[in-house]
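Just so you know, the sequences run in chain order G and S. Taking this note's numbering, the leading residue of the first sequence gets 1, the next gets one more, and so forth. Taking this note's numbering, the leading residue of the second sequence gets 1001, the next gets one more, and so forth.
Since the hints were made in silico from the structure, they are not lab data. One thing to keep in mind: the hints can contain errors.
[Said to hold, decoys possible] Computed from the model, here is a short list of chain S residues facing chain G with C-beta under 8 angstroms:
no.	residue
1	F1086
2	A1124
3	L1125
4	G1126
5	N1128
6	D1131
7	L1134
[Unchecked claim] Sample of chain G residues with no beta-carbon within 12 angstroms of chain S, all distances over it, derived:
no.	residue
8	D116
9	L264
10	M329
11	A621
12	N652
We treat Cβ as the ideally placed atom computed from N, Cα and C, and that holds for glycine.
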Amino acid sequence: MFTRLRTKLTVLYAGLFGLALLLIASAVYLAIASNAERQVRGELQASGTVFDRVWALRSQQLRDNADLISKDFGFRAAVATRDAATVRSALDNLKGRVGLETAFLVDMDGNVTGLDAARLDAGVEALWSALDAQDGASGVLMIGGQPYQAISAPVMAPTLTGWVVFATRLDAAQMRSLEQLSAIPLTARVLIRKPDSHWTSGRDTARVDAFVAGRSNAPGELDLSSGAALALAKPLPSLGAASPAVLLLQYPLATAMAPYRPLLITIGVTGLLGILLLIAGSWVLARSLTRPISALDKAVRRLQRGEEADVAIETQDEIGRLAGSFNSMAAEIRERERHITHLALHDSETGLPNRVSLDRGLETLCQSSRRTVFVAALGLDRFQIVRGAIGYELAARLIAEVGGRMMRQHPDRPIGRLSSGILALAFEASSLEDARAFAAALLGDLEQPVTLDGSTVDVSLTIGLAPHADQGAPAIDRASIAVDQARAGHQKIGLFDAQAYGDPASNLSLTSEMMSGLKDGQLFLHHQPKFDLRSRRIGGVEVLARWKHPERGMIRPDLFIGMAEETGHIRPLTEWALTQAIADQARLREAGHALTVSVNLSGRLMSDPDLAQAAIDQIRAAQADICFEITETAVMDNPAVALGIIDAFAANGIGVSIDDYGSGVSSLAYLKQIKANELKIDKAFVSTMADSRRDALLVKSTIDLAHSLGLKVTAEGIETPEVLAMLTGMGCDLAQGYLIAKPMPLAELIGFLDSETAPVARPRRKRA
Amino acid sequence: MRPALAALIATLCLAAQAQAADLTVRLKNAAGQPIADAVVTVKPAAGLPSGPIRFDWPLRMSQQNIAFHPFVLIAPVGATVAFPNFDKVRHHVYSFSPAKKFELKLYGNDETRSVVFDKPGVVALGCNIHDQMLAFIRVVDTPYAAKTDASGLAVIRGLPSGAATATIWQPYLRAPKNEMSRPVSVTPAGASLNLTAEVRPPAPMKM
């Protein structure tokens, strides 16, 4: 959520503190609230009790006064004698004396003296009954719609003659004085149930009704429109059945909480300040914690970019140690990097800069130079031979010495060792002539004998030059090739000859094209008939691979076959050729021509017994008559395997023909070991035998040699009837060449065989 | 000397009244408890005999132990009732009753005051010094009167035969003027009246 540690820590701390604060504040608030409520409840309860006492006290006071008059002999006499005027005056007198508001007499007959009976809200009868029902009845009496605290005292004269009722108003002033007795500023009200059975009027009627109805001696919560309050409803005794009265003591909760408001505000403000301080503190702490980490983070990125990445160690804690470790790690990485770079850019054998180093130097030079940049590749002549003679170590020292000499003379020019015997130097020159002159000077400087362990070794160099170009092969490669080209041309200094070099890259692509061509049918077989000189008819055909490239046209067989041999694709080509040859032979057989089909087997495949076995299986399966043409040199690379393969062919009735005999290194020893059926004399001898007596003799003796070894002889390259005649005379068995027939597609071959009066017969016949 | 005289007078009266009979009244409350101190007066329909009324109990309301004795006294109209004080304290006997208002202010031990009750009716007696002191004097204008005893029984002797009205009064009787009347028929064999009435508890004298 937070990408920065600092923010995370700050938020976490502030959050935790805030939460703790909230909990504390809540707890304090709850404690205060419950305490305040408890206090108010207690106070209400106490006020209720106080009120009871006050009520009783006032009742007692009234009663004392009432007793005073009710027992007065004169008063009793007045009452008993129904002397209303006297009674009234006596009551007035007492009212004045004790400061009483209302005092009146109710006699046994229900007559009221001292008060207008109509002012008694509940009526005289109710009052009379109440007075009669209980001795000394007292309670709230409604007079003229106002509540009064009233007491009664009987007038005994000497029997019960009536009651003196003393009443004092329960007015606001009374309530205030009651309120003042309380420790808390509560509100006291006397509620009287009205005729409509409500206790009050106004918005809170229903709530007050409910509260009074469910009153108990314990204070409860009363939800008023002016706010929640704690209240206590105390039932008051009523004088007369009607109009029960309650004393309602109430205290608003808000007022109860008011004294704590400053405390709560203080807590809130303190908490807020605390949070702010904590945020600031955590921010500072987090920063002090994360600053070294940020520094490390930045240092790691610098290290990543390969820049200087030392971190200042500021503390001795874990982070400080981490910074220390990081610094030493960075130093080690730099050291290793230096070492690796050195290894990457230097030749470990001689310590000279390597090709990569030269590449870099060349690039830098090309960017800064306005003149043409040349690469001079310096090939140590006969280096393999020298190395063979003096050993690898000294040869390396020889190269190192020559390279060192070059570096000393051209300290600012990029130098590199390209291969074991080739060094190179990049330089600028205004023209080709300048470059040649520079190379010549270089030769002069470097072709000084080198002394190794006291022995002097001559140094002979060939220089290949190549100008840098943005396109094509790298100048370094071209310069290396130019060394070979110069040597081939027996020159000391040679410029890269692009034409002579050709386009090796396109040849490589040709190989892959050939593989797809094999599948697409771009390659096909041509068949060159072999003419049997004894039976005077075509005795066999040699199949030759042909490739018609969809864009390049016909590709020279020596090009793509040689390339296939070099790139390792000769095996699929051979397999394809064999399969095709077997198929073609079958078609020839169908056409009525049973011919031995010869397939060229590359020397590269003579060390591959798997291929041989596969070929054998394939031939046997097809019951084909196949003869493999193998060059003698092919056997020499790995004689044991090659001879084994040939033996296997022989054992399975597959013919083997020694191809191109006489062109390479012919070994009689191998000739003896190869279980061949046929020997093919190279066309180099055949084509010239008409003109060269020596060649003719060689051919004659070869034919004889072959015959004596039990081999048939085929002569290739027969282009003239004279040669054919000579070969016939020499006892040659088979003839092959343009004179007999060119290589041709299968269809054409069938046509050719069908007109069996072969064209070869005609010249022979002509000649004969 | 005096009792002999009284006996003589009674004998004379009985002789004069031929075929006299007794009325027995039994007064109980609903719970069957006897009601004492009820005064039964009978007025024969034939009329009252002329001549002074004499009762065979002393017409005296004494004060002893801060109390009146008896609680209820039946006195004939015109009789003089004595108020002897046997207490060591003084008393201030008064009555505000319409039948007889009077006041005997503070008289001491062994002093006797007397009051003449010249109107029939009920006289409630109190003491202005001792509130708890209370007594009643029933002033009657008939010789046929008696007070129920602790067993609620009162016997009126020497009634002439014939119809009569019996009136029962008790200071706390729950009835108008604390009294109720019943017609009775007196035969030579006598008559009896069994009544049930309620009395309210005695008026509070405390405080």
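Hint-by-hint comparison with the structure:
no.	hint	result
1	F1086	violated (20 angstroms)
2	A1124	holds (5 angstroms)
3	L1125	holds (7 angstroms)
4	G1126	holds (2 angstroms)
5	N1128	holds (5 angstroms)
6	D1131	holds (6 angstroms)
7	L1134	holds (5 angstroms)
8	D116	holds (26 angstroms)
9	L264	holds (57 angstroms)
10	M329	holds (110 angstroms)
11	A621	holds (146 angstroms)
12	N652	holds (154 angstroms)
Hint compliance for this structure: hint 1 is the single one not met.
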